[in-house]
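*Asks:* Take a look at the letters that make up each chain.
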Amino acid sequence: MASRRRMLLKVIILGDSGVGKTSLMNQYVNRKFSNQYKATIGADFLTKEIQFEDRLFTLQIWDTAGQERFQSLGVAFYRGADCCVLVHDVNVMKSFESLSNWREEFLIQASPSDPENFPFVVLGNKIDVDGGNSRVVSEKKAKAWCASKGNIPYFETSAKEGFNVEAAFECIAKNALKNEPEEEMYIPDTIDVARERQQKSSGCEC
Amino acid sequence: MDETEIHDLADDADYAAASQQGSSIMSGNDTSNQNNPIDPENAETVYMKDHVTIHPSQYATVRISGRLKLIKQDSLLFMSWMPYTGQTSNARLSDRDKNLYTIRAVSFADIRSIRRHTPAIGWQYVIVVLSSGLAYPPLYFYNGGLREFIATIKQHVFIARSAEDANVFLVNNFQDPLQRILSSMELPRALSSSSFTDSPFSDNQERLEDGGSRHKRDISIQVLEKFSLVTRFARETTSQLFRENLFDDIGTNENKKNNQERPHEIASNEAPIPSDPFELDKTSLVWGKPRQPPLGHEEWATFLDSEGRVEDLNALKKRIFYGGVEHSIRKEIWPILLGYYAYDSTYIERQHFMAVKKSEYEIIRNQWQSISPEQAKRFSKFRDRKSLIEKDVVRTDRSHPFYEGDENPNVDLLHNILVTYSFYNFDLGYCQGMSDLLSPILFIMEDESESFWCFVSLMERLGPNFNRDQNGMHSQLFALSKLVELLDSPLHSYFKQKDCLNCFFCFRWILIQFKRQAKTFSYNTKEFEYDKLLRLWEVLWTHYPSEHLHLYMCIAILKRNRAKIMGEKMGFDTLLQYINELSGQIEVDGVLREAEALCVCAGENGVAAIPPGTPPSLPVEDESIYQHDDEVL
Numbered sequence: 001m002a003s004r005r006r007m008l009l010k011v012i013i014l015g016d017s018g019v020g021k022t023s024l025m026n027q028y029v030n031r032k033f034s035n036q037y038k039a040t041i042g043a044d045f046l047t048k049e050i051q052f053e054d055r056l057f058t059l060q061i062w063d064t065a066g067q068e069r070f071q072s073l074g075v076a077f078y079r080g081a082d083c084c085v086l087v088h089d090v091n092v093m094k095s096f097e098s099l100s101n102w103r104e105e106f107l108i109q110a111s112p113s114d115p116e117n118f119p120f121v122v123l124g125n126k127i128d129v130d131g132g133n134s135r136v137v138s139e140k141k142a143k144a145w146c147a148s149k150g151n152i153p154y155f156e157t158s159a160k161e162g163f164n165v166e167a168a169f170e171c172i173a174k175n176a177l178k179n180e181p182e183e184e185m186y187i188p189d190t191i192d193v194a195r196e197r198q199q200k201s202s203g204c205e206c
Numbered sequence: 001m002d003e004t005e006i007h008d009l010a011d012d013a014d015y016a017a018a019s020q021q022g023s024s025i026m027s028g029n030d031t032s033n034q035n036n037p038i039d040p041e042n043a044e045t046v047y048m049k050d051h052v053t054i055h056p057s058q059y060a061t062v063r064i065s066g067r068l069k070l071i072k073q074d075s076l077l078f079m080s081w082m083p084y085t086g087q088t089s090n091a092r093l094s095d096r097d098k099n100l101y102t103i104r105a106v107s108f109a110d111i112r113s114i115r116r117h118t119p120a121i122g123w124q125y126v127i128v129v130l131s132s133g134l135a136y137p138p139l140y141f142y143n144g145g146l147r148e149f150i151a152t153i154k155q156h157v158f159i160a161r162s163a164e165d166a167n168v169f170l171v172n173n174f175q176d177p178l179q180r181i182l183s184s185m186e187l188p189r190a191l192s193s194s195s196f197t198d199s200p201f202s203d204n205q206e207r208l209e210d211g212g213s214r215h216k217r218d219i220s221i222q223v224l225e226k227f228s229l230v231t232r233f234a235r236e237t238t239s240q241l242f243r244e245n246l247f248d249d250i251g252t253n254e255n256k257k258n259n260q261e262r263p264h265e266i267a268s269n270e271a272p273i274p275s276d277p278f279e280l281d282k283t284s285l286v287w288g289k290p291r292q293p294p295l296g297h298e299e300w301a302t303f304l305d306s307e308g309r310v311e312d313l314n315a316l317k318k319r320i321f322y323g324g325v326e327h328s329i330r331k332e333i334w335p336i337l338l339g340y341y342a343y344d345s346t347y348i349e350r351q352h353f354m355a356v357k358k359s360e361y362e363i364i365r366n367q368w369q370s371i372s373p374e375q376a377k378r379f380s381k382f383r384d385r386k387s388l389i390e391k392d393v394v395r396t397d398r399s400h401p402f403y404e405g406d407e408n409p410n411v412d413l414l415h416n417i418l419v420t421y422s423f424y425n426f427d428l429g430y431c432q433g434m435s436d437l438l439s440p441i442l443f444i445m446e447d448e449s450e451s452f453w454c455f456v457s458l459m460e461r462l463g464p465n466f467n468r469d470q471n472g473m474h475s476q477l478f479a480l481s482k483l484v485e486l487l488d489s490p491l492h493s494y495f496k497q498k499d500c501l502n503c504f505f506c507f508r509w510i511l512i513q514f515k516r517q518a519k520t521f522s523y524n525t526k527e528f529e530y531d532k533l534l535r536l537w538e539v540l541w542t543h544y545p546s547e548h549l550h551l552y553m554c555i556a557i558l559k560r561n562r563a564k565i566m567g568e569k570m571g572f573d574t575l576l577q578y579i580n581e582l583s584g585q586i587e588v589d590g591v592l593r594e595a596e597a598l599c600v601c602a603g604e605n606g607v608a609a610i611p612p613g614t615p616p617s618l619p620v621e622d623e624s625i626y627q628h629d630d631e632v633l
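Read top to bottom, the protein sequences are chains P and C.
For the first sequence, the numbering used here gives the first residue as 1, with consecutive numbering after it.
For the second sequence, the numbering used here gives the first residue as 1, with consecutive numbering after it.
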């Protein structure tokens with residue numbers, strides 16, 4: 001595969017069940033929306049090639065199960081993440097209240113080297129529902145929370161209508177890139193065992 | 001080799017003792033032998049070879065050497081193989097083990113065929129198959145003498161080469177379906193598929209002895225390991241599986257074709273992929289029993305007595321395991337299979353039970369349906385739970401005709417049953433994946449209360465999959481990695497190297513029992529068609545031959561894909577994606593057959609790899625309540 005030397009950026013999407021994680025991912029990667037997505041079991045990911053400042057990257061977007069109960073599996077999926085996307089449904093207060101929990105859980109399980117500065121992006125999804133009349137989480141409220149957590153970028157989106165999704169993921173990619181150290185971190189798919197071990201340990205130290 | 005080991009005591013007391021005990025198990029199915037001792041006065045030894053050896057375990061280093069004899073008495077020819085006493089290559093081999101393998105004067109009248117294997121490098125061996133279908137473990141001729149063995153037999157017994165395979169010698173009757181089995185007995189596929197030339201007529205033991213470099217020897221041992229796994233359980237299983245095969249129409253040709261179509265070789269310039277230590281697709285031809293047509297209405301009636309009791313639950317389970325159930329009688333059988341209806345209940349009792357359970361269900365359902373909106377406002381746990389269920393039922397199997405379309409009442413039934421269940425089992429509550437397990441049940445049962453109780457029974461088994469601490473899933477994933485280690489150690493090493501030993505990539509397979517393997521976005525594709533899934537589930541629910549057959553299924557699927565997985569050097573991410581994308585490629589019958597073969601092959605070691613209480617095993621402490629399941633554990 002020609003893309004093997006391309007830098008891989010790993011993004012994890014978290015949030016309560018039914019906030020639209022799978023839909024956001026598919027809208028961004030495939031420009032498709034369906035109201036027949038099934039509840040995600042375990043985890044899945046999609047990749048998208050992106051270009052940024054004349055360089056090509058592979059954005060690997062991980063979609064995870066939304067139920068709290070499956071959080072203990074995160075360890076396997078979160079490691080090596082470059083950015084974490086926290087999603088809530090602006091029409092469901094609880095999904096917004098859960099963001100803190102998701103954020104903390106992520107930091108515990110992914111244990112990034114610099115948790116204070118690990119890039120998060122928050123998305124308030126489903127702004128299209130009912131013409132905005134059933135909305136319970138205001139933009140102001142969401143932004144205030146983001147500000148309190150170290151100025152997390154915030155986007156209001158509609159995965160169904162494709163609104164703001166592209167912009168949000170552009171920001172996500174940029175933040176992921178910021179987190180990624182320089183060139184040595186290229187992770188080609190085909191490497192021998194010894195080299196892989198080496199890379200792993202350097203990954204932990206950085 | 002191992003000269004110190006040689007002290008053949010064939011003529012002393014130990015020999016006699018071994019002879020007496022030894023035949024009982026290996027020849028257990030062959031009663032004609034048992035009372036057919038050789039009369040030493042009239043017997044003449046026409047062939048004798050020392051250091052004919054069997055490999056009872058997966059390691060060629062564990063072996064039992066013995067003496068092979070052809071004995072003529074009157075006009076009859078007998079074959080015997082006696083292990084040497086007091087010496088084995090491994091202390092773990094007890095005398096009992098050795099006795100198990102002893103072949104005590106089996107008459108050629110009871111032998112159906114002899115298959116000869118003459119690899120260019122390595123020990124030559126034969127596999128002897130009895131008329132009963134029982135096959136002895138391969139006998140390796142460490143000191144050569146195979147050609148002489150066959151030649152001697154030829155002098156005394158009428159044998160003919162199989163038309164299909166020049167290495168198979170048919171003894172006595174060969175107008176028999178067994179012939180077809182024999183032709184499929186390609187146990188050491190590794191030999192013929194390797195670059196070695198397999199010259200059937202050369203007796204080339206000298207090559208090993210003279211020019212047998214260390215390198216060659218290593219290869220031969222690897223090769224031997226490939227099928228010695230089969231050897232180990234030959235004694236335990238042939239009598240069951242193989243004998244049954246005799247009476248079945250065997251679709252070996254079809255299977256062979258499938259195997260050929262399966263890509264085995266990958267990019268030639270890559271480093272060679274460690275070969276499968278247990279060449280599954282070939283051995284399955286021998287060990288995995290062919291699938292049968294589903295159990296139909298008329299045959300089902302034969303399992304019942306006049307009042308509707310299932311007379312032999314194990315026979316029923318076995319029948320269902322091999323063929324599933326016709327759709328029209330699933331409604332009747334699933335509740336019995338799941339243990340909701342006692343199998344020994346009568347039609348009338350079941351009807352009564354159904355009515356009792358219906359009102360019981362309604363009482364529990366009423367517990368939440370009577371919660372007023374005012375009450376619900378102050379009951380966030382209830383609201384959250386209910387909303388989680390609402391979100392999931394509207395995205396469960398909606399492309400299936402039974403659930404499709406807006407305001408489909410069946411979707412409401414899913415909802416009601418799941419909320420009721422979360423009250424019935426409040427501690428477990430609702431967890432994602434449950435709607436996937438319920439939907440086929442409702443589709444079959446069509447009745448709210450009956451579906452609920454069947455679901456309750458299913459959750460008795462699979463509930464731990466959804467435990468808050470995920471321990472049920474973790475123990476299954478752990479068991480899976482142990483089974484990979486047992487049944488495919490190169491693949492296990494590969495997973496280890498790639499940091500994939502947690503087997504998380506099989507999470508979805510296990511959690512919802514192979515349902516919807518399609519990627520979340522491609523909702524139109526289905527791993528199994530719905531009907532295939534129903535078939536698979538009822539087969540798994542029989543808990544025959546193991547309640548953990550689903551884990552062996554995982555292994556069978558992984559094995560089918562091992563060349564690709566290792567060839568493309570998949571890591572955790574790509575492996576997960578690959579597994580998630582196997583949609584539509586899993587062929588249920590073939591995989592089940594392979595899973596059965598693997599399960600049988602793993603034998604006690606497989607059982608030992610699975611921690612007690614691993615779902616769907618019932619928790620250890622509750623075992624006594626479910627005694628009727630014991631036999632199929």
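It is possible that some hints are incorrect.
So the derived label-pair ranges between C-beta atoms look like this [said to hold, decoys possible]:
hint, chain 1, residue 1, chain 2, residue 2, range
1, C, 587, P, 36, 19 to 29 Å
2, C, 379, P, 138, 24 to 34 Å
3, C, 587, P, 147, 32 to 42 Å
4, C, 379, P, 144, 24 to 34 Å
5, C, 529, P, 72, 28 to 38 Å
6, P, 55, C, 379, 17 to 27 Å
7, C, 529, P, 138, 27 to 37 Å
8, C, 356, P, 161, 49 to 59 Å
Worth flagging that the hints you see were computed from the coordinates, not collected in a lab.
Note that the Cβ used here is the ideal one computed from N, Cα and C, for glycine as well.
*Asks:* For each hint, tell me whether it holds in the structure or not.
*Replies:* Going through the hints against the structure:
1. C:587 <-> P:36: 19 to 29 Å: 26 Å, holds
2. C:379 <-> P:138: 24 to 34 Å: The hint (24 to 34 Å, Cβ to Cβ) holds, given that residue 379 of chain C and residue 138 of chain P are roughly 26 Å apart.
3. C:587 <-> P:147: 32 to 42 Å: 55 Å, violated
4. C:379 <-> P:144: 24 to 34 Å: 29 Å, holds
5. C:529 <-> P:72: 28 to 38 Å: 33 Å Cβ-Cβ, so the 28 to 38 Å window holds.
6. P:55 <-> C:379: 17 to 27 Å: 53 Å, violated
7. C:529 <-> P:138: 27 to 37 Å: 47 Å, violated
8. C:356 <-> P:161: 49 to 59 Å: Since the Cβ atoms of residue 356 of chain C and residue 161 of chain P sit about 52 Å apart, the hinted range of 49 to 59 Å holds.
The structure shown violates the earlier hints numbered 3, 6 and 7.
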